[in-house]
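Make the full structure from the sequences, and use the hints.
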Amino acid sequence: MKAKEDENISLWLRGDLKQWDTLTADCRLMPIKKNAILFLKGDPAENAYVVKSGRIRMISIDESGN
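FYI, the numbering for the sequence shown is 9 to 74, going by this note's numbering.
Simulated from the structure, these hints should not be mistaken for lab results. No false leads were mixed into what you were given.
Below, simulated DSS-like cross-link-like pairs (lysine-lysine); rule was C-alpha separation at most 30 Å, straight line: (1) Lys60 with Lys26; (2) Lys60 with Lys49; (3) Lys42 with Lys60; (4) Lys60 with Lys41.
Between beta-carbon pairs, the in silico distance windows are: (5) Asn43 with Asn74: 18 to 26 Å; (6) Ala33 with Ile69: 32 to 40 Å; (7) Ser68 with Ala33: 27 to 35 Å; (8) Ser72 with Thr32: 37 to 45 Å; (9) Leu31 with Ser61: 15 to 23 Å; (10) Cys35 with Asp70: 31 to 39 Å; (11) Glu54 with Ala33: 16 to 24 Å; (12) Leu37 with Ile67: 18 to 26 Å; (13) Pro52 with Leu31: 19 to 27 Å; (14) Leu31 with Ile64: 14 to 22 Å.
The beta carbon of each residue, even a glycine, is placed where N, CA and C say it ideally should be.
Next up, the structure:
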């Protein structure tokens with residue numbers, strides 16, 4: 009995903025396009041279905057996600073289910 013090609017990229021990522029292109033050079037687009045779970049609390053931090061379009065909802069539930 010080239011930053012130059014995507015005018016809708018988040019403002020916090022627009023700083024240096026060369027850095028963005030370097031950062032995303034080995035990334036892959038991964039369509040996510042609605043209500044899919046990306047990760048659970050306690051999962052190892054092996055991935056980073058950038059939302060190209062749409063939204064992500066994050067929910068935190070404690071041990072009591074609240």
